[in-house]
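Asks: Each chain, written out:
Number of protein chains: 2
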Amino acid sequence: MNLQSLFRPKTMAVVGISKKNPLSPGRIIFIKNYFEMQVEVFGIHPEGGEVEGVNLFTKIEELPKVPDVLVIAVPAKATLDYVEQCADYKIPGCIIISGGFAEIGGEGVKRQQKLIQIATDNDIAILGPNCIGVYSPPLLDTIFMPTERITRPPKGSVALISQSGGVLVDQFFHKFNQIKIGVSTAVSIGNRAVVDETMLLDYFSKRDEETRNIAFYLEAFKPSKSRDFLQLARKSEDDIIVYFGGLSDKGKKATQSHTASLSGNEKILQAALKQNLITQPFTELELLTDLKLLDVLSRKKKPFDPNTVNNGNVAILSISGGHGVICADLLKNYGLRAVDFTQEEQQEMRELVNPVAKSISTFGNPIDLTGSAKDEDLEAIITYLSNIKRVECIIVLILPYTPSISFQIGRRIANTVTISKKPVVCFIPYIPKYGAITEALELSNIPVFHSIEEAVQGVSMLKQKTRIFNAKRSQS
Amino acid sequence: MNLQSLFRPKTMAVVGISKKNPLSPGRIIFIKNYFEMQVEVFGIHPEGGEVEGVNLFTKIEELPKVPDVLVIAVPAKATLDYVEQCADYKIPGCIIISGGFAEIGGEGVKRQQKLIQIATDNDIAILGPNCIGVYSPPLLDTIFMPTERITRPPKGSVALISQSGGVLVDQFFHKFNQIKIGVSTAVSIGNRAVVDETMLLDYFSKRDEETRNIAFYLEAFKPSKSRDFLQLARKSEDDIIVYFGGLSDKGKKATQSHTASLSGNEKILQAALKQNLITQPFTELELLTDLKLLDVLSRKKKPFDPNTVNNGNVAILSISGGHGVICADLLKNYGLRAVDFTQEEQQEMRELVNPVAKSISTFGNPIDLTGSAKDEDLEAIITYLSNIKRVECIIVLILPYTPSISFQIGRRIANTVTISKKPVVCFIPYIPKYGAITEALELSNIPVFHSIEEAVQGVSMLKQKTRIFNAKRSQS
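Residue numbers (this note's numbering), protein chains in the order written: chain R, 1 to 476; chain B, 1 to 476.
One or more hints might be untrue.
Identical chains blur together in the list; that is why a pair holds if it fits in one copy or across any two.
Derived PhoX-like pairs (lysine-lysine); straight-line CA-CA distance at most 25 Å [claimed, not checked]:
| hint | residue 1 | residue 2 |
| --- | --- | --- |
| 1 | 302 | 155 |
| 2 | 358 | 20 |
| 3 | 10 | 65 |
| 4 | 114 | 267 |
| 5 | 59 | 10 |
| 6 | 267 | 332 |
| 7 | 267 | 235 |
| 8 | 110 | 358 |
| 9 | 267 | 90 |
| 10 | 222 | 206 |
| 11 | 155 | 374 |
If you are wondering where the hints come from, they were derived from the structure by calculation, not from laboratory data.
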């Protein structure tokens, strides 16, 4: 099957465009792609005419070229006829937005079986039905929400595949946009009658140049396909993340009603994911932290080797005692530990800082340089820590509210880390006026988080990434 | 001791104003209050003259009136002389920003003992030393960070008391400002040589009209004062929240070095707090959720009685299956449960929604009205759920990305809840364009959170609040 036609089409046609209702899904998809995206798009309406000043064709036959993909947003009963036309005209891909298939039971189940039959017989890559489609910037966007209602994430390295359309556009799109996690392609798989998560893992892992990390929101694996999925994940060169919803009893009941699927035993599932080198976040925050870190570290210019955090031994550098305490408290929850410094090391660090800070700083771990610290003190201590072999990663808590820290601190830390090559994860409060500092760090691809907990999660992710990297290397 | 002089002074004097360094703490405090706050402020410098165009006095004697509070930001050695002058001139309150006391050991310990002696002999309310002071909008702000470097929370019902200055201005001020939690007064207690957390609990609980909720960041109780603190908390009519930092082994070590205090056994502490009707959040997110909820529900116009969530029985209302699943998964983690609906109730709810949604919605718990839901469907179901007695609280997951939901949805839910009086907690994504919906809900004092987890935490907080309310009522 030609999955590329779904995600990297040159031409696209849309059926199900209402002339009366500007908010009908088909019309939103058509108009949005026509005015906002790069794909060449054709609208089809049996009567022809126009919507919003754009001409419509009356049927597929009339189109100037055979499109790579047909988006179907007509009522369920009319869908199969269009799928058959895909076969007739050799359209390789088809995205079915329409609901009214297996999820409603009865006749819907039969309709879905027929759909699978046509797809299989004619080798058509069908996404859906009952899905919200594909977002593949800057090419196409079949998410049928009005542009003014949603936010869209930037371009990046993460292929994002979701069994829930709502979770995709809200939990992912909004937050990806807010904390700037970039996607290569985002896919809503709906009922996954034909194209399922395993095929997509295969495709994005082996055949999509832009993808480096593949993230899934699933409520259950497609029956009989979990084994293939796990094997593919284990062998993939990309980082694979699977976030499962519906693992609690109530959650399970809910997923049964809205996706007609069963999730397996939680513990077995957890073990299987771990064994097959898949990262499983347990909270949404963990998922976002993972993806933020992976996306930043997938860029070409790497400030450090992310696969060197074998044991999770951390140094914490702060200019506020309380922040250091909160950070130290969190390490244990994430399987990390603070390195102990010898008296000699502590004395050596003390000699590196300005006279005022020198007399009041503490060099245990967390290191607290106090509100008297200057930019160069942070630089000097980061460089010193980078040379201690048992320090695998440094968490720098940047608090640019004291006047002795300048707004060049981001650039200066970035320069220091780029030279020292030691993994560094930064925390900086999420405030617009600190944006310049965050930007300077992110330009050098140094991971920046906006809560202490996320910074700690980020380091635990580096540890996990190192484990998976080593396991994959030893098996190959 | 006259604590009011520290938090509600009419006049204030500042010593330690540098003429050379515009970023010296004393000068920042003087200039900030002079230009930005309501308190009448006098600057003192032995040479007189002016800074930034504002005249300075040469000594306390020269001031036109005896100030209510003296802010001391001179080097440690010079502090005691000024404290003695407070005694001489009957200045009732004193805020000592300067470090160089017990926290540095040796002579610092002796200096602090002398300070306590003078304060006790002369009944002076001394805050600090080694603190960053008081923020009491719109009256005074002795936080010595430049205004352009920090953010400040709005005015509200929460008295905020922190043992760490850094945590106060970063973790609290920034986040309070971001999610709009209002403070009555924020206090950094530093070494708490004289004024300590127990005295502040007493003061804010009994003598401050503006405070309804009292939140603490502590790394340990002041030795020998924990018993008083707990007893006062138990009897207080306000909600008391204590967030402890430094409970892990590494955290403990760190707090010893930066505050010279010991935290007790974690389990004993936890039990003591619970028994004395104090809320103890275990993560920063939980703390913020608690305070947001308490601040909103402290306002005069209450949309519902917050003390009715006895068992934590919840109904989840969503228009996205995946969101409902994630929410249901989270309930268990927070000691809550989803109410089961009878077949009859489910059928009755189905009859209430529009024909398209009717055919595809599911009315288990979570209720999923699907992307076809309209504003009036949400109103109808909220009203229906409000009449089911065993539903103690409704979580409404508002996802205004579907075109069939209008931007009036906030106002409409607010109206419905104001009539039905059932506790409701809303989730809405944190996106500027949804601000109008959030505003409409918050104007009616309905709690709104920006992640599903926070909404669930919010309900668990209502359950906790109900428990504490009932216990306090039965003891009085």
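Asks: Are the hints correct? Go through all of them and say.
Replies: Consistency of the hints with the structure:
1. Proximity of residue 302 and residue 155 under a CA criterion of 25 Å is satisfied intra-copy only: 18 Å inside one chain copy versus 45 Å between copies.
2. For the homomeric pair residue 358 and residue 20, the shortest alpha-carbon distance between copies (23 Å) is at most 25 Å, but the shortest distance inside one copy (73 Å) is not.
3. Taking identical chains as interchangeable, the C-alpha atoms of residue 10 and residue 65 lie at most 25 Å apart only when both belong to the same chain, with a minimum of 11 Å there against 80 Å between chains.
4. When the C-alpha separation of residue 114 and residue 267 is checked against a cutoff of 25 Å, the pair qualifies neither within a copy, at 36 Å, nor between copies, at 61 Å.
5. When the C-alpha separation of residue 59 and residue 10 is checked against a cutoff of 25 Å, the pair qualifies only within one copy, where the shortest distance is 19 Å, while the shortest distance between copies is 80 Å.
6. Both within a single protomer and between protomers do residue 267 and residue 332 lie at most 25 Å apart by alpha-carbon distance, with minima of 22 Å and 17 Å respectively.
7. In this assembly of identical chains, residue 267 and residue 235 lie within 25 Å of each other by CA distance solely inside one copy; the values are 23 Å within and 45 Å between copies.
8. Proximity of residue 110 and residue 358 under a CA criterion of 25 Å is satisfied inter-copy only: 22 Å between copies versus 76 Å inside one chain copy.
9. For the homomeric pair residue 267 and residue 90, neither the shortest alpha-carbon distance inside one copy (45 Å) nor that between copies (69 Å) is at most 25 Å.
10. Taking CA atoms no more than 25 Å apart as the test, residue 222 paired with residue 206 passes inside one copy only; the shortest distance there is 21 Å, against 61 Å between copies.
11. Within a single copy, residue 155 and residue 374 get their C-alpha atoms no closer than 36 Å, and across copies no closer than 33 Å, so neither meets the 25 Å cut-off.
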